[in-house]
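Visitor: Sequence:
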Amino acid sequence: MYVTSIALIWLQIWISMAQLQQGGPDEKEKTTALKDLLSRIDLDELMKKDEPPLEFPDTLEGFEYAFNEKGQLRHIKSGEPFIFNYREDLHRWNQKRYEALGEIITKYVYELLEEECHLKKVYIPVDTAESEPRSFIFMSEDAMTNPDKLMVLIHGSGVVRAGQWARRLIINEDLDSGTQIPYIKRAIEEGYGVIVLNPNENYIEVEKTKAQAQPSSDSSDEPAEKRERKDKIQKDTKKRRDFYEKYRNPQKEKETLQLYIRENGSPEEHAIYVWDHFIFRSAAESVFFVAHSYGGLAFVELMIQREAEVKNKVTAVALTDSVHNVWHQEAGKTIREWMRENCCNWVSSSEPVDTSVESMLPDCPRVSAGTERHELTSWKSFPSIFRFFGEALEAKRSSGKAAPTRRSQRIRYEEL
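For reference, each letter of the sequence shown is one residue, going -18 to -1, 1 to 398 in mature numbering (1 follows the signal peptide of the UniProt record, and there is no 0).
Just so you know, these hints were derived from the structure itself, not from any lab. Among the hints, erroneous ones may be present.
Below, computed lysine-lysine pairings styled on DSSO-like, alpha-carbon distance capped at 27 Å [said to hold, decoys possible]:
| hint | residue 1 | residue 2 |
| --- | --- | --- |
| 1 | Lys315 | Lys78 |
| 2 | Lys52 | Lys89 |
| 3 | Lys293 | Lys315 |
| 4 | Lys378 | Lys293 |
| 5 | Lys89 | Lys190 |
| 6 | Lys167 | Lys52 |
| 7 | Lys102 | Lys78 |
| 8 | Lys167 | Lys315 |
| 9 | Lys362 | Lys131 |
| 10 | Lys59 | Lys103 |
| 11 | Lys190 | Lys131 |
| 12 | Lys102 | Lys89 |
| 13 | Lys167 | Lys102 |
| 14 | Lys236 | Lys89 |
| 15 | Lys131 | Lys293 |
| 16 | Lys59 | Lys78 |
| 17 | Lys378 | Lys131 |
| 18 | Lys52 | Lys131 |
| 19 | Lys378 | Lys103 |
Pairwise CB distance ranges (calculated) [said to hold, decoys possible]:
| hint | residue 1 | residue 2 | range |
| --- | --- | --- | --- |
| 20 | His100 | Ser139 | 23 to 33 Å |
| 21 | Glu323 | Glu62 | 47 to 57 Å |
| 22 | Arg168 | Tyr105 | 22 to 32 Å |
| 23 | Pro334 | Glu189 | 47 to 57 Å |
Note that the structure is predicted; figures quoted are calculated from it, not measured. Where is the CB? At the ideal position from N, CA and C, for every residue including glycine.
Let the hints inform the model, and build the full structure from the sequences given.
Guide: What follows is the structure, given as structure tokens:
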């Protein structure tokens, strides 16, 4: 029925074109206009008008999914993994369903951070008013008071939020590989305070009012004839737009307005804000960062903006497939030298984990994460990163100097 209705629409259009082509000049002109209309219509978009409503459950139970004892998402009745193509030939609908499930996963991970990891949610900006847009981070009870060490976790860009490395891993594989929970639990076991950043929570969305959705024009000073002509053009334009809109977007989604969060309008701003108000003010003598993908770029930007503070406070930085670029970000020579001594980037590679990987950039050493999948690099390098931090801290305590370079540590890893 779905495909048949689309076929009938196209059949009717082509019959109309054939009939018009048999007529005179006026009909040919209409044929040209009809061809122009066809060139503007995307078949995939046209098919949207037959798709089911974009209405989805707001709980895992509503989707009939649950996480089993291994942290894998499985269908409650069949025990099967998540199926993306729930309805054939309805990619847009399937994608919207996947996104709806992803929002539920985000809330579920937030609950795990509080209930299972015993972290507390802290709202930012710290001086926000009730009516002002705000975001939040998570931290352990001793994050600000632990005198010894503090671990800071930064995820990458996209749809992921605090506590996640990759949504697709959470949905398609398991919670251990896709979330930061293993890092948080082990860090707490080893005596670290923990702060979990939320760099993609940069704005809130509110539904536009009718006045906001419609463009306003102040034409009070224009002559009446010009104003009438402009109004007619706007009405004709709106009529054409509405005509195309019923094909392009039959299930009209709400128009929203983005209200950005003060001093947290980008991942870079967020990292600097959390540094200024929490990390730098913490009691920890040694701070350690784990930053994945775009989180690495945010860290480098933090260092550019707060170089002296970072050098004084941070002991070691573990990057996982970081997308930073010291040239494009214009990191100075002293920053690049510090990164060579105190950072390491575990990158996607087919080589065994911790194997040296050549780099074109003069910044930190690069080693293999033991996987070619970008989203898995944080999980696969998990043991190596804790070992890296442990050795850096031991070297700092024993010598009172900066930790040894990753190059010398890597040699020892490869001998294991």
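Visitor: None of the hints should be skipped; say for each whether it holds.
Guide: Here is how each hint holds up against the structure:
A distance of roughly 46 Å separates the Cα atoms of Lys315 and Lys78; the hinted pair therefore is violated under the 27 Å criterion. As the CA atoms of Lys52 and Lys89 are separated by approximately 19 Å, the hinted pair is consistent with the 27 Å bound. With a C-alpha separation of about 14 Å, the suggested pair Lys293 and Lys315 falls inside the 27 Å cut-off, and the hint holds. Simply put, Lys378 and Lys293 have alpha-carbon atoms about 13 Å apart, close enough for the 27 Å limit, and the pair holds.
Distance hint between Lys89 and Lys190 is fulfilled; the C-alpha atoms sit about 25 Å from each other, no more than 27 Å. Between Lys167 and Lys52, the direct Cα distance comes to roughly 16 Å. Compliance with the 27 Å bound is thereby established for this hinted pair. For a cut-off of 27 Å, the pair hint linking Lys102 to Lys78 is broken: about 31 Å separates their Cα positions. A C-alpha spacing of about 36 Å is found between Lys167 and Lys315, which places the hinted pair above 27 Å, so the restraint is violated.
Only pairs whose Cα atoms come within 27 Å are accepted, and Lys362 paired with Lys131 is accepted, the gap being roughly 23 Å. Taking the CA atoms of Lys59 and Lys103, the gap is about 34 Å. The hint is violated against a cut of 27 Å. Taken as a hint, the Lys190 and Lys131 pair is broken in the structure, with Cα atoms around 46 Å apart against an allowance of 27 Å. Distance hint between Lys102 and Lys89 is fulfilled; the C-alpha atoms sit about 14 Å from each other, no more than 27 Å.
Using a Cα cut-off of 27 Å, the hinted pair Lys167 and Lys102 holds, with the two alpha carbons roughly 14 Å apart. Between Lys236 and Lys89 the CA atoms are separated by roughly 22 Å; this keeps the pair inside 27 Å, and the hint holds. Proximity of Lys131 to Lys293 is assessed by CA-CA distance (about 15 Å); at most 27 Å being required, the pair is judged to hold. Pair hint Lys59 plus Lys78 holds up; C-alpha atoms about 23 Å apart against a cutoff of 27 Å.
Among the hinted pairs, Lys378 with Lys131 is consistent with the structure: their alpha-carbon atoms are about 12 Å apart, no more than 27 Å. Only pairs whose Cα atoms come within 27 Å are accepted, and Lys52 paired with Lys131 is rejected, the gap being roughly 31 Å. The suggested pairing of Lys378 with Lys103 is violated, with an alpha-carbon distance near 32 Å, which exceeds 27 Å. Remark: the range hint 23 to 33 Å for His100 to Ser139 is upheld by a beta-carbon distance near 28 Å.
A hinted range of 47 to 57 Å holds for the C-beta pair Glu323 and Glu62, which are about 49 Å apart. For the pair Arg168 and Tyr105, the beta carbons lie near 27 Å from each other, so the given range of 22 to 32 Å is met. Between Pro334 and Glu189 the Cβ separation comes to about 52 Å, which falls inside the hinted range of 47 to 57 Å.
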